[in-house]
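Now for the letters of each chain:
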Amino acid sequence: MGIDIRKIDEIIESYDKSEESLLAILQDFQHTFRYVPEEGMKRVSEILGIPESKIYGVGTFYKALSLKPVGRHTCKVCTGTACHLKGAHTLTDIIGRELDIEPGETTKDGRFTLQTVNCVGACALAPVVMVDDEDYYEGSSPQDVLKNLRKYK
Amino acid sequence: MDNRKLQSVKEFESYRTKIAESRKDEYPVIYVCGGTPCLAKGSRAVAHAFKKEIESQGLACKVELRHKVTGCQGFCSKGPVVSFGNDIVYLEVKPNHVPEIMEKTVKNAQVIDSLGYKDPQTKKRSASFEGIPFYSHQKGMILKGLREIDPLEIDDYIARGGYASLVRAFAMVPEEVIDLIAESGLRGRGGGGFPAGAKWKSCRAVDSEVRYVLCNGDEGDPGAFMDRSIMEGNPHAVIEGMIVGAWAVGAHHGYAYIRDEYPLAVKVMKKAVEDATAMGLLGRNILGTGFDFDIKITRGGGAFVCGESSALMRSIEGKVGEPRAKYIRSVEKGLYDLPTVLNNVETWTNVPLIVNNGAQWYRKTGTQGSPGTKVFSLAGKAVNTGLVEVPMGTTIRELVEKVGGGIRGGRKFKAVQTGGPSGGCIPESLADLPIDFDSLSKAGSMMGSGGIIVMDEATCMVDVAKYFISFLAEESCGKCSPCRDGLPRMKQILTDITEGRGKEGDIELLEELCEVLSYGALCGLGSSAPNPVLSTIKYFREEYEAHIRDKRCPAGVCRELVTFRIDADACTGCTLCAKQCPQACITGERKKAHVIDQSTCIKCGVCRDVCKFDAVRVE
Numbered sequence: 001m002g003i004d005i006r007k008i009d010e011i012i013e014s015y016d017k018s019e020e021s022l023l024a025i026l027q028d029f030q031h032t033f034r035y036v037p038e039e040g041m042k043r044v045s046e047i048l049g050i051p052e053s054k055i056y057g058v059g060t061f062y063k064a065l066s067l068k069p070v071g072r073h074t075c076k077v078c079t080g081t082a083c084h085l086k087g088a089h090t091l092t093d094i095i096g097r098e099l100d101i102e103p104g105e106t107t108k109d110g111r112f113t114l115q116t117v118n119c120v121g122a123c124a125l126a127p128v129v130m131v132d133d134e135d136y137y138e139g140s141s142p143q144d145v146l147k148n149l150r151k152y153k
Numbered sequence: 001m002d003n004r005k006l007q008s009v010k011e012f013e014s015y016r017t018k019i020a021e022s023r024k025d026e027y028p029v030i031y032v033c034g035g036t037p038c039l040a041k042g043s044r045a046v047a048h049a050f051k052k053e054i055e056s057q058g059l060a061c062k063v064e065l066r067h068k069v070t071g072c073q074g075f076c077s078k079g080p081v082v083s084f085g086n087d088i089v090y091l092e093v094k095p096n097h098v099p100e101i102m103e104k105t106v107k108n109a110q111v112i113d114s115l116g117y118k119d120p121q122t123k124k125r126s127a128s129f130e131g132i133p134f135y136s137h138q139k140g141m142i143l144k145g146l147r148e149i150d151p152l153e154i155d156d157y158i159a160r161g162g163y164a165s166l167v168r169a170f171a172m173v174p175e176e177v178i179d180l181i182a183e184s185g186l187r188g189r190g191g192g193g194f195p196a197g198a199k200w201k202s203c204r205a206v207d208s209e210v211r212y213v214l215c216n217g218d219e220g221d222p223g224a225f226m227d228r229s230i231m232e233g234n235p236h237a238v239i240e241g242m243i244v245g246a247w248a249v250g251a252h253h254g255y256a257y258i259r260d261e262y263p264l265a266v267k268v269m270k271k272a273v274e275d276a277t278a279m280g281l282l283g284r285n286i287l288g289t290g291f292d293f294d295i296k297i298t299r300g301g302g303a304f305v306c307g308e309s310s311a312l313m314r315s316i317e318g319k320v321g322e323p324r325a326k327y328i329r330s331v332e333k334g335l336y337d338l339p340t341v342l343n344n345v346e347t348w349t350n351v352p353l354i355v356n357n358g359a360q361w362y363r364k365t366g367t368q369g370s371p372g373t374k375v376f377s378l379a380g381k382a383v384n385t386g387l388v389e390v391p392m393g394t395t396i397r398e399l400v401e402k403v404g405g406g407i408r409g410g411r412k413f414k415a416v417q418t419g420g421p422s423g424g425c426i427p428e429s430l431a432d433l434p435i436d437f438d439s440l441s442k443a444g445s446m447m448g449s450g451g452i453i454v455m456d457e458a459t460c461m462v463d464v465a466k467y468f469i470s471f472l473a474e475e476s477c478g479k480c481s482p483c484r485d486g487l488p489r490m491k492q493i494l495t496d497i498t499e500g501r502g503k504e505g506d507i508e509l510l511e512e513l514c515e516v517l518s519y520g521a522l523c524g525l526g527s528s529a530p531n532p533v534l535s536t537i538k539y540f541r542e543e544y545e546a547h548i549r550d551k552r553c554p555a556g557v558c559r560e561l562v563t564f565r566i567d568a569d570a571c572t573g574c575t576l577c578a579k580q581c582p583q584a585c586i587t588g589e590r591k592k593a594h595v596i597d598q599s600t601c602i603k604c605g606v607c608r609d610v611c612k613f614d615a616v617r618v619e
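Same order as they appear, the protein sequences are chains E and P.
Heads up: the first sequence at position 122 corresponds to 122 in the working numbering, and the numbers run straight through without jumps.
Heads up: the second sequence at position 32 corresponds to 32 in the working numbering, and the numbers run straight through without jumps.
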C-alpha cells in the first residue's frame with residue numbers, strides 16, 4: 001500500500017500535540033486514505049507519545065474508523081428505527097445482492113463498500129440510503145435506489 | 001486584529017441596531033428549506049431556480065429580493081418546503097413552480113393554494129401555517145429560529161435579537177443566572193430530564209480553578225434528528241446558551257461533541273464558532289467584560305455509548321469511550337476529572353429564551369413538572385413526518401393524529417415508541433397520556449431525546465424488541481458483564497421467538513434477564529435496555545404468545561412465520577408489484593390477477609407496501 005508519509009505527518013501537524021487530538025487525527029486518516037493505516041498509527045504514537053496499543057484500542061472501538069481500506073464509494077443503509085419499520089433490512093439484502101457483497105464488505109473492484117449504520121437522522125426519507133456521506137436516497141422503491149447506485153463509478 | 005471584533009456591550013448593541021436598521025426596508029424573503037430531507041428531495045434545484053428567476057427579473061420589477069437557505073422547516077415528508085415569513089408555506093415545490101410563485105406570491109402577494117397542504121379527509125388545500133394542522137398544533141419556541149435564520153450568517157442571527165441574552169447575563173452575577181434557570185424549571189432535554197439549574201449549581205459549588213461546559217450533540221438514538229436540525233439550522237443559539245452557562249458556572253473552556261454521521265452539523269457549528277470568535281462573542285475578554293470562554297468542536301466516532309455522559313467525556317479526551325460508575329458525579333469530576341456541566345443541544349437552546357424572557361414567562365408553557373416545549377422528530381408510519389415542537393403535556397394522540405395526520409394508508413394506530421433504544425412502546429390505549437418526563441417514565445418508557453416512532457398494525461412488537469436489543473448488543477462497550485453478556489442472550493431468545501423456535505418460559509426468562517440488567521449494568525445503556533422488552537411484554541404479551549405457541553406473527557412481519565399471497569379478487573393486475581419485486585417472483589398478465597412464486601419469495605413485503613389495492617395478504 002503506497003501511503004504517503006508526508007500526508008500522514010501533515011495531518012498530525014495540523015493538531016495540538018495532545019491525546020485529545022487522537023480521535024480527530026484518526027478520523028482525518030479515515031477521510032484521506034479511506035482507512036486508518038498502520039503506518040499512520042505508528043507515526044501518531046511517535047509524535048504524540050501515546051502507546052501503539054492505546055491507539056489500536058481507539059482505532060477498533062469507534063465505528064467511524066476502519067483498519068481495512070474501504071471502497072471508492074460508501075453506501076450506507078440506515079437501519080434506524082423508522083427505516084427498520086419501513087424495510088431497511090430488505091433494502092440491505094437487495095443492495096447486497098446487486099453488489100454481490102455482505103454489509104461491511106467491499107466489492108472486488110473497490111467501487112463500493114456496503115455498510116449498515118444506526119441512524120443518519122433523515123427519518124422522513126425512510127428507508128434511507130446515504131452514499132459518500134453526501135447524497136441521500138429515499139429507499140421505498142428499491143429498484144430506484146439500484147438505478148441511482150449505478151451512477152457511481 | 002480582526003476589525004469585526006466588538007469591544008464592549010455598547011458596541012454590540014449599536015452594531016445590532018445598525019444591522020437591524022439596514023434590514024428594515026427589505027422586500028419579502030423567500031425561505032427555501034435546506035434540511036437534509038428537503039435537499040434529498042431537490043431543494044437545491046428550487047433555490048437555484050429562484051436565484052435565476054430573481055436575476056433575470058431583478059431589473060424588471062425593481063425590487064431587491066433575497067432568498068435564503070434555512071434550517072429544517074419541519075415538514076420533511078412534504079419537502080422541499082418554501083415559505084414566506086410566518087404566513088405562507090408551499091410544500092413539495094419543484095423548480096417549475098418557481099416562475100408562478102415569483103409572479104403571484106412575490107410580486108402580487110397572492111397565495112397559491114394549490115401548492116399548499118391537501119387535507120386527506122376534506123381534500124381542501126391550504127398554504128398558510130395557520131390552516132395546516134401539522135403546523136397549527138405546534139408551538140415554535142425553539143424551531144422558530146430554524147425557519148427564519150440563515151445558519152451561516154451571524155449577522156442574521158444578531159439582527160433577530162441573537163446574543164442579547166449575553167448582555168443580560170453579564171449584567172447579573174453568576175449565581176443569579178443559576179437561580180433564574182432553576183426557577184424556570186428547565187430540565188435536560190437529552191433524556192433523563194435532570195433539572196439544569198441544580199446541575200449548574202453543584203458544578204459551581206465545587207472548589208476548582210478550571211471547569212468545563214459541554215454540549216452533547218451525539219444524538220445516537222435511532223429515529224431522532226432534533227439536535228441535528230438545531231445544530232444545522234440555528235447553531236448560534238446553541239453557542240449562546242453555552243456562553244451563558246459558562247458564565248454561570250465559571251467555565252472558560254467548552255466542547256461541543258457532535259456525531260460523525262452529521263457532517264453538515266459539524267461544518268455549520270464550526271463556522272458558527274469561528275464567526276462568533278471573530279466578533280468577540282467567544283474567546284478572550286468577551287465584549288470587554290473580562291470573561292474568557294472558547295468552544296472546541298469534537299467529532300464523535302460513531303459509538304452510541306458516547307452519548308452517555310462519562311463515555312462522552314472519555315471520548316473528548318481522545319480515549320476509548322467507555323462509561324464509568326455513576327457514584328462519581330461529572331459536576332465534580334467530569335472531563336479530565338474536573339467539574340463539568342454537560343447539557344444537550346436542545347437544552348442549551350432553551351437557555352437564551354429563559355434569560356431574555358424570564359422564568360415566569362417560560363413556565364407559562366408546558367406543565368408544572370416539565371415546563372417549556374419539546375422538540376420531537378416524528379417518524380414512522382404517520383402521514384406527516386418531520387420535526388415538530390409542542391408544549392410539554394400535549395397528549396400522544398394529539399401529536400399522532402393532529403400533527404402527524406394519523407396513520408398512513410388508513411391503517412390502524414397501534415403504538416408509539418419513545419426514547420430510542422432506552423425507551424419503550426406505549427400502546428394506543430394509553431395515547432391520551434400527556435407527554436412529559438414523568439408520565440412517560442411511569443408508563444415504562446422515557447422521554448429520551450425526543451424521537452417518536454409511530455407504529456401501525458403492520459408492526460410486530462416482538463420484532464421491535466428484537467431490533468432494539470440487537471442494536472444495544474452491538475453498541476454495548478463490553479466493560480460490564482450484565483450488559484456485555486446479557487444483551488446477546490436476550491437477542492438470541494428474541495431471535496428464536498421471531499423465527500419460530502420460541503418455547504414456554506422464554507418470556508419469563510427475558511423478564512429475569514431484564515431485572516439483572518436494570519440493577520447490575522454500569523451505565524444507562526445497560527440499565528435502561530430492558531425498557532423496550534418489558535414494555536412490549538407488558539402491553540403486547542399476546543403477540544409474544546402467538547409467536548411462541550402458535551408459531552404465528554400476527555402483524556405479518558417475521559419472515560419465518562409468514563407467507564405472502566395475492567388475493568385474486570382484489571388484484572387488478574396493475575403489475576406494480578411485479579415491477580418492484582426484487583426476486584422477480586411475481587407473475588401475471590396485465591389486468592389479470594398476479595401470483596407469487598412461493599419457492600423463490602424472500603418475504604420482503606415490498607409487494608404489500610406498493611400495492612394500492614390492498615390485495616397482498618399475509619398469512
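No wet-lab data here; the hints were simulated from the structure.
Treat the hints with caution; some may be incorrect.
As the list claims (entries may be wrong) - For lysine-lysine, the following DSS-like pairs were computed, each having C-alpha atoms within a straight-line distance of at most 30 Å: (1) P/118 - P/491; (2) P/491 - E/17; (3) E/68 - P/491.
Said to hold, decoys possible - Here are a few chain P residues that sit away from chain E, every Cβ distance over 12 Å (derived from the structure): (4) 56; (5) 79; (6) 219; (7) 300; (8) 488; (9) 489; (10) 527; (11) 550; (12) 579.
From the three backbone atoms N, C-alpha and C, an ideal C-beta is built for every residue, glycine too.
Each hint tested on the structure:
no. : hint          : verdict
1   : P/118 - P/491 : violated, 43 Å
2   : P/491 - E/17  : violated, 42 Å
3   : E/68 - P/491  : holds, 28 Å
4   : 56            : holds, 29 Å
5   : 79            : violated, 7 Å
6   : 219           : violated, 7 Å
7   : 300           : violated, 8 Å
8   : 488           : holds, 18 Å
9   : 489           : holds, 21 Å
10  : 527           : holds, 20 Å
11  : 550           : holds, 23 Å
12  : 579           : violated, 7 Å
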